[in-house]
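S.K.: Here's the letter readout for the chains.
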Amino acid sequence: MHMADALLSPAVGLGMGAVSAAAVGVTAAMGKRDDFSEGKIPLMGVAGALVFAGQMVNFTIPATGSSGHIVGSVLLSALIGGGPAFLAMTAVLTIQCLFFADGGLLALGCNIFNMGVIPCLVVCPLVFRPLLRGGVSNRRLSAASVVSSVLSLELAALAVTLLTFLSGIAGLPFAAFASLMLPIHLVIGLVEGVVTAAILVFVHRMRPELIDASAPLSGRRREGRSAKKVLISLAVLAIASGCALSLFASTHPDGLEWAVGKTAERAQGQGQADGQGEVQGEADGQAQGEGEGEGTELVAQGNNNSGLHDDAAALRDSTAFLPGYVFAADPENEAGVVVSGLVGTLAVFAASCAVGLVMIPLVKYRKKSVSDAGP
Amino acid sequence: MASRVRELRALETLAAGRTAIHRLHPFAKMLTALVFIVLTASYGRYDFLRLAPYLFYPFVMMAVAELPYKLILTRLAAALPFCLFAGLSNVIFDRGAAFAVGGVTVSLGVLSLATILIKAYLCVMSALLLVATTPFPELMAQLRRLRVPLSIVLVFETAYRYVGVVLEEARSMTTAYKLRGGGKKALLMRHMGAFVGQLLLRGFDRARRVHAAMRCRGYSLHRPPPARHPFAPADALFTAAVCIPAAVLRFVW
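Heads up: the sequence lines are chains A and B, in that order.
Just so you know, we're using the working numbering here: the first sequence kicks off at 2 and counts up by one.
Just so you know, we're using the working numbering here: the second sequence kicks off at 12 and counts up by one.
Keep in mind that the hints were calculated from the coordinates and are not lab data.
There's no promise every hint is true.
[Stated by the list, open to error] Example chain B residues on the side facing chain A (calculated, C-beta under 7 Å, incomplete):
1) 93
2) 177
3) 204
Glycine included, each C-beta is placed from N, C-alpha and C at the ideal position.
Based on the provided sequences and hints, a complete structural model is requested.
M.R.: Here is the structure:
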């Protein structure tokens, strides 16, 4: 699940770094008002260390013979609340990145987003808490854990795929990578959910106040929203932002890809000055040849007039997985266009969902912390 | 689990060294590591050969900072699997020929695999060089001086301090479980609830006790961390000596 520096482009790495840093800043700023009192900060640190240790405890997965470990972010959100859990996960991931080479400094933002923002700030307030609104029982706790864990891991797997794809370092086609990642993480999510449920049920039996206090109960909330309402508004926002994003996407095709191409272009400029010009020159020639041979290549049509743009497009083709939305491996394949289009649409949709998912909980979380502090 | 504790301890011992690199200002080292990683990551997919000069940085730094090579290899092993997976998929999907060396044609995929591996190595190295030459509290103090919110830095600090403690606790629990468990290699899944639940409860209680004790002894969140020495010309020189050649290699050469 940890992404590595070597597979990320600086644009994606730094961009996600900024997103995660903003999330950390907002969480800390909101926490300053209420529940991050001096007593809670060491608790958050210890919780981080505990998750780290929990990740080291290997258990056998029945019927497979293999062993696994938990990620623990849903567990932590359930125990100490989404915001504090998010900061704790940030600390864990930073320590893992610095001291154990799990992930990298450039990838830290991506990893914090995948394993912190998604489970603690998105899934916890939107799915886990609403499911427990009717009161905490073993069955509800288990159901909430499994659903939240599966959802968190699937979203994270999707994010990993998307970010790797956008970086353009690994040559895996998006669809192939996603079809590999999503089923695997469905299974991992189920196992994680079952184990999380077992732990939470145990903790609830031993110390009910730990979970009941952090899970807002219906009677105490002044402005409780139903899960259905939340999900509907979420869907509306996701679709709206999807439309907005796809408009943006059609007027500015592939901003990131363009950036990557730009970088590659500059690299090539200097590359030809030295001995390795041949390597890249050949790569370009090939990609360009493919692009021009294929009538469906959209970008190549318009850029006969500008040599520089031509160069950049060809280079971008040689760096992208789906050069001009045609599979790199088989440019003759007409179906490739359709699949590429589908994948692109899915990618934009996923990105828009992510934007929507991030925006709502931030608003909601704020309200929640205010209403929690009230009574 | 035991290996993680050892690794952490080894790094802490290394960070307590007294070489010229260790004495540099934390900010200089942080900035250098970040710039180096971003520059490394910004190279294209097939820039294997152009990246080669970057290898000088980790090797020279390791020599000057007197770091052992073995530790680095074990850390690299942690970062490799995913990179290797993605790199090998490049070999499969990217079949175009890049160039020929003495009759053997090297494909673009192989070239990109090599590029990914060298990037992984450089990135892991520069993060390691940072933590192996700077004690964690100094890094955190620097973050506070950079106006990172206090609560975040404190969470980092406590998490770091407790990692060793909690790992030890988890290790002794695992050992006890294994000794009573009749030769099991790992926990049964149905025991995870009680096991990790117990670990969590113990940990939280311990945190409360330790925090109370710290408060009793006058620990306060709001004391600013003292800087060991100001940002000196030597620090600026170090940053420039690494970043400028790296940037020149990347953009001009």
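S.K.: All hints are to be evaluated individually against the structure, with a verdict given for each.
M.R.: Each hint tested on the structure:
no. : hint : verdict
1   : 93   : 5 Å, holds
2   : 177  : 4 Å, holds
3   : 204  : 3 Å, holds
Going through the hint list in order, the structure satisfies each hint without exception.
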